[in-house]
Structure formats: structure tokens, C-alpha cells
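By this note's numbering, the letter at position 312 of the sequence shown is numbered 312, and the numbering carries on one by one without gaps.
Warning: the hint list may mix true and false statements.
As the list claims (entries may be wrong) - For each label pair, taking beta carbons as the anchor points, the in silico distance ranges come out as:
1) Lys596 <-> Lys212: 40 to 48 Å
2) Glu246 <-> Val176: 15 to 23 Å
3) Ser289 <-> Gly335: 42 to 50 Å
4) Pro232 <-> His143: 25 to 33 Å
5) Lys388 <-> Lys142: 31 to 39 Å
6) Lys388 <-> Asp290: 56 to 64 Å
7) Val124 <-> Tyr294: 34 to 42 Å
8) Tyr136 <-> Cys556: 24 to 32 Å
9) Gln518 <-> Thr334: 16 to 24 Å
As the list claims (entries may be wrong) - Listed next, the in silico BS3-like pairs over lysine-lysine satisfying Cα-Cα at most 30 Å (straight line):
10) Lys447 <-> Lys388
11) Lys90 <-> Lys56
12) Lys386 <-> Lys374
13) Lys177 <-> Lys462
14) Lys263 <-> Lys507
15) Lys349 <-> Lys557
16) Lys522 <-> Lys342
17) Lys596 <-> Lys447
18) Lys524 <-> Lys480
19) Lys177 <-> Lys596
20) Lys458 <-> Lys56
21) Lys253 <-> Lys231
22) Lys388 <-> Lys292
23) Lys302 <-> Lys292
Hints were generated in silico from the structure; no laboratory data involved. Glycine included, C-beta positions come from ideal geometry on N, C-alpha and C.
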Amino acid sequence: MSENIRNTVIRFAIVFGVILILFGVVYARIISLQYTHRDTLEAIVMPRDTVSQCIKATRGNIYDCNGSLMASSVPKYSLHIDTRTENLRKNHGEVFYQYVDSIALGLSQIIGDLTAEQYHQKLVKIYTATQETEQYARLTPKHISYTQKKAIEQLPLINQGQYKSGIIMVELNVRVKPFNSLGGRTIGNIYAETGIGNSGLESQFDSYLQGKDGLAVRQRFANEWGLIPVKPAQNGYDVYSTMDVELLEICEKYLRQQLDTNKAEWGSVILMEVPTGEIKAMCNLDRGSDGKYYEMNNHAVKRVEPGSTFKTFSIMAALDDGKISMEDTVNVTTGGWRYHGKLHEDSHKANATYDIKDAIERSSNIALARIITKHYNHSAELFIDKLKSMHLCDSINFMIPGAHQARIKTVDPNDKVTISNMSYGYYVEFSPLSILTFYNAIANNGKMISPIIVKSVKDGDKIIEQFSSQVITPSICNAKTLQDVRECLHEVVWGDHGTARTAQSDKVSIAGKTGTTQIYEKNKGYNETEYRISFVGYFPEENPQYTCICVMQRPCKGHTGSGKECGLVVRRIAEEVMTHAYEYVIQDGELVLQPKK
Numbered sequence: 001m002s003e004n005i006r007n008t009v010i011r012f013a014i015v016f017g018v019i020l021i022l023f024g025v026v027y028a029r030i031i032s033l034q035y036t037h038r039d040t041l042e043a044i045v046m047p048r049d050t051v052s053q054c055i056k057a058t059r060g061n062i063y064d065c066n067g068s069l070m071a072s073s074v075p076k077y078s079l080h081i082d083t084r085t086e087n088l089r090k091n092h093g094e095v096f097y098q099y100v101d102s103i104a105l106g107l108s109q110i111i112g113d114l115t116a117e118q119y120h121q122k123l124v125k126i127y128t129a130t131q132e133t134e135q136y137a138r139l140t141p142k143h144i145s146y147t148q149k150k151a152i153e154q155l156p157l158i159n160q161g162q163y164k165s166g167i168i169m170v171e172l173n174v175r176v177k178p179f180n181s182l183g184g185r186t187i188g189n190i191y192a193e194t195g196i197g198n199s200g201l202e203s204q205f206d207s208y209l210q211g212k213d214g215l216a217v218r219q220r221f222a223n224e225w226g227l228i229p230v231k232p233a234q235n236g237y238d239v240y241s242t243m244d245v246e247l248l249e250i251c252e253k254y255l256r257q258q259l260d261t262n263k264a265e266w267g268s269v270i271l272m273e274v275p276t277g278e279i280k281a282m283c284n285l286d287r288g289s290d291g292k293y294y295e296m297n298n299h300a301v302k303r304v305e306p307g308s309t310f311k312t313f314s315i316m317a318a319l320d321d322g323k324i325s326m327e328d329t330v331n332v333t334t335g336g337w338r339y340h341g342k343l344h345e346d347s348h349k350a351n352a353t354y355d356i357k358d359a360i361e362r363s364s365n366i367a368l369a370r371i372i373t374k375h376y377n378h379s380a381e382l383f384i385d386k387l388k389s390m391h392l393c394d395s396i397n398f399m400i401p402g403a404h405q406a407r408i409k410t411v412d413p414n415d416k417v418t419i420s421n422m423s424y425g426y427y428v429e430f431s432p433l434s435i436l437t438f439y440n441a442i443a444n445n446g447k448m449i450s451p452i453i454v455k456s457v458k459d460g461d462k463i464i465e466q467f468s469s470q471v472i473t474p475s476i477c478n479a480k481t482l483q484d485v486r487e488c489l490h491e492v493v494w495g496d497h498g499t500a501r502t503a504q505s506d507k508v509s510i511a512g513k514t515g516t517t518q519i520y521e522k523n524k525g526y527n528e529t530e531y532r533i534s535f536v537g538y539f540p541e542e543n544p545q546y547t548c549i550c551v552m553q554r555p556c557k558g559h560t561g562s563g564k565e566c567g568l569v570v571r572r573i574a575e576e577v578m579t580h581a582y583e584y585v586i587q588d589g590e591l592v593l594q595p596k597k
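Build out the structure end to end from the sequences listed, making use of the hints.
Written out as C-alpha cells, the structure reads:
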């Protein structure tokens, strides 16, 4: 090969190599732009007659354990007019005044909140406003439905579109609860303008429910506007709760009935399934200014001083520590018992000697104070350490935002009085849910499990996440202690002097404990005439399936008996729940309780 040919081949190879390299660089740049800078470039090159538009994701639904819909999103719209629209301003408002009467009449007939004349005046006032910012306004505070929106879109001029009529209908994420206020504070709410959950399950599971908005482009083609999807919306996931709408209705019905009678400030009921820890009902009712009751605050998860329901924990601690036995006795007197200057008294005054079962059955403050102070060497620290060893103060990471954890007062080592008050439920704070969780452990053969109120999150039939109760401790105390405590709780309902005899039923056996607490007012101390009353129990006693707590604050005079008020509510709930959910069948000659099919 000649020198000239060789040089030509070399030059050709060099040029070809450079071309390949440049081609590779260009190709790599195209790939980079396509996948890493796509959104930025689309925004840059978007035609001037193109407008981006958000495609709102549909918020997920909330269901009960049987698939009944508890909260869902329904499209609603806010109605506005922008009288700055060019078509309405040309020729001194010729088009506006030509159609204003027919639009006003149509809006009055479709929406019905104003007369045609009132709509006419409102439209003209907006149109003739001197400030440009006032020429855009909302026509009605009401949200209009999808059906109303379609009807309005058929009205004269409006049927020519937003850019001719100036009528704008903004879609809002409005939440609808098919069962109205039932369990409303537990389900929660959302902010209307943003669609973000602000309370209850709506807030706790907002990241699942909300979904991800998509993007579309409104672009003009031959003087017509069209919508071009760019990124589809990803709708929110559905949340399946453990609640049962039918059981929730039962609980609210009897709570409301008793509140209507005793005029309490508020009341709360929780129903929990014993073996699973699933919350089947959680309802809260506050008295409004009109005297009626509404779901306003979730008292079920807010801590308060429990009062005498705490006596069960005190006796359990002393029994489990081996400091007392069921045969031990204690003296009580009508004059009370003074301890380091603090007088402890009973509501049922007597000069008597009580054994341990009597002390719980009659709910004696004197007996509990004397037992605990004596056997814990007058030391609140020793007593508190025992309570903590029973996992009484363990955190409950419940699925409701703002749920309070149990709290026990920090005690000065020289403080000799607090332990006596603590023994019967003062200077300690527990939410009704925390109290219920411990009583559920008593019903569950000592096994304490964390309560749950959501079972799963789903995308259609696909499970995204599943939840179950966690074991806090396999045993809160030894077997003998548990047996003794359950006998005490039986006597509270069935004993001759039990404080919850109203909870006796010929349909279902119930065991539990009453609680009555004077209400503490900041800067005032304890009010001796205003009370918080409660009853917590489990049923059926021989094979517990449910635990239930009822708490009421500030019932009117004559209705402050915790057994007569709260015990009655739990009894009525227990009777209907068992009739609704369970039945007795004969198996191998024995009567066996089983769920209804």
C-alpha cells in the first residue's frame, strides 16, 4: 500500500472515530435530558397558549371491619365569577348585561339559597366593583354538587365555557361520612381547602389516604382547548379499621340515652375485643350550647385521674408482691382515717372490718389507703416501682394522633401523703383507653396486648400494610393474684354491697369496677361537688369476649353514682352486643358460646 493511500485511510479512520464519539455524546445527552431533566424542559418549551393543570388524586376511603364505608370523598365545587374576563368587558359589558338575568334565575333555581333578584344584585355588584380584586368573587358560600355543576354548565353564556362567561367552578376535596357523626372524632376530619387530614384516622393515615396528584396540560388547538394528560394521578389507599359500625351504633345509642338523662358535660365509651385488642367502638359525646350532644373531642385517649378504677391495680400490686392475702382485714370508721394531716373518707360510711374482697366490692378509700401505706412502708417510690413492674405505665402507641400516655406524679422522697391518695386513683393520670387496656389484660388471663384500631391499608385488593396487636407482657401478675382480683371484680357487680349492682344482667354476666373522682380545677383544687364517674368491665365473665369502659364528666346532681350511670350503660351495651354478635349452641351436651355466622 502506497504512502498516500495509508495516510488517507488513517485520516478517514480519525474522522470516523470523531463522528462516533460526537454521536455517542449527543445520544448520552439526549438520554440524560429525557430522564433527568424532563420536567424542567417541559416547563421551558411549553407553548405560551398552554396551561398546566393539576389532576387531583382521589382520597382513599375508610371502612369498618365488615367493609361498611365510614368516610369517602365526594366531588364538591365552589362557585366563582371573574368579571375581569375580556368577553364580559368589551362594548361596555354588552354580553354581561345581556345574560345576567338568565344566569341569576338559573342559579336561584339550581342552588336555591338566594332569589333570582338577589343573585342579580350580587352579580352586578361584583361586575361594577371599583377595585379589580373585588371583580373576582365567590357567588355562594355553599358547596355545589356534581349534579348542580352540570346543570349550571348548561345555562346561557356559561355553556360557552369559562373563558367566555367568567364562571369558575373549583373542585374541592369534600369528605362525606355515610353514618354522619357516628364515631366522628375517631374517624377524624380533613381541611376542606387542602384535603389534608387534621384529626383522627384521617390525620394519622393521611400519607396513605391522600394519594399523589397528577398533571395535565390545557392546550389550545384551532381555537379549542383540550386536556392532555402528562402524569396520571395516583389515588389514595383505603384504610380498613377494626371498628364495627353496628357495635358503634349500639354504644353511642346507650351513651346518648344516659347523657340525655344526667346532663353530663361529656361522655365516652370504648369497646375492645379481648383476645385481639381490636377496638370495635369508640364514641365521644360533648354537650353543645343547645343542650344536645355531638362528637367534638376524643376524650377516650385523653388522660384524667381515674379514681376508684385504680383500686384494682393497687390491690393487685400488694397481692402480687405477697404483702397481703385475701384473708387480711382492715378497719374503717364513719369518721374517716387521718394520715399525715390528710383525712380519707368513704362515700359509704361504716364502722366495720373489711377483708380485701369487701374493700374492693364497697370501693373503700379508707381501706385502700391504709393497706397500701402500711405494706409499702409509707413509700410512694416502692409502690410506683411495683406498678411499673406490672407494665401499668408502659406507653401505648395508639393509632390516633394526640393520644396521651399514662402519667404518675413524681414524688418527693419526703412526701408521706401522696401514696395514700394514689392508692385510690389520685395523683395518677390514665386515659380511658389505658385503663381499658389493663382491664382487658385481666380478662385475657393476664396477657396485656396493645390496642389497635386499624387492621390494614389496601390498594384495591392488594394489602399495602397490615397491623396487629403487640404483646406488652404475657402476664401482668401471677396466676393466683389474677384469680383473686377477678373474684373481687365479680363481687363489685354481684355482691350484696357491690357498687355496680346496676350492671347485673340476666342475659350476660359482667365483672368490673366503678370509679368516682372529684374534678381538679387549676388554681382552685378539687371540687367536692363535681365528679367524673366511670365503670370498666368485661363480659361474659366466664369467657370474656369484650371489655368496655364508660366515663362521664360532671353529671347533674342526683346522677353521680358511677354504677347507676356508667354501669347501666355498659350493661345495656353488653346485652345488645352479645345478642348481636354471639349465640349459645349445644356441643357435646354443653352450652358453648360462639360468634354468629
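Verification of the hints:
1. Lys596 <-> Lys212: 40 to 48 Å: At roughly 42 Å between Cβ atoms, lysine 212 and lysine 596 fall inside 40 to 48 Å, so the hint holds.
2. Glu246 <-> Val176: 15 to 23 Å: Holds, at about 20 Å.
3. Ser289 <-> Gly335: 42 to 50 Å: 44 Å, holds
4. Pro232 <-> His143: 25 to 33 Å: At 26 Å between Cβs, range holds.
5. Lys388 <-> Lys142: 31 to 39 Å: Given a distance of about 55 Å, which is not inside 31 to 39 Å, the answer is violated.
6. Lys388 <-> Asp290: 56 to 64 Å: Once the Cβ atoms are compared, 45 Å apart, the range 56 to 64 Å for aspartate 290 and lysine 388 is violated.
7. Val124 <-> Tyr294: 34 to 42 Å: 40 Å, holds
8. Tyr136 <-> Cys556: 24 to 32 Å: Check failed, 52 Å falls outside 24 to 32 Å.
9. Gln518 <-> Thr334: 16 to 24 Å: Because 20 Å falls inside the window, the suggested range holds.
10. Lys447 <-> Lys388: 16 Å, holds
11. Lys90 <-> Lys56: 34 Å, violated
12. Lys386 <-> Lys374: 15 Å, holds
13. Lys177 <-> Lys462: Given that 30 Å is the threshold and the Cα spacing comes to 24 Å, the pair holds.
14. Lys263 <-> Lys507: 28 Å, holds
15. Lys349 <-> Lys557: 20 Å, holds
16. Lys522 <-> Lys342: Distance of about 20 Å is within 30 Å: holds.
17. Lys596 <-> Lys447: 26 Å, holds
18. Lys524 <-> Lys480: 43 Å, violated
19. Lys177 <-> Lys596: Measuring from Cα to Cα gives roughly 28 Å; hence the hint holds.
20. Lys458 <-> Lys56: Holds, at about 20 Å.
21. Lys253 <-> Lys231: Not OK: lysine 253 and lysine 231 at ~47 Å, beyond 30 Å, violated.
22. Lys388 <-> Lys292: Outside the cut-off at roughly 41 Å; violated.
23. Lys302 <-> Lys292: Given that 30 Å is the threshold and the Cα spacing comes to 22 Å, the pair holds.
In this structure, the hints that do not hold are numbers 5, 6, 8, 11, 18, 21 and 22, in rising order.
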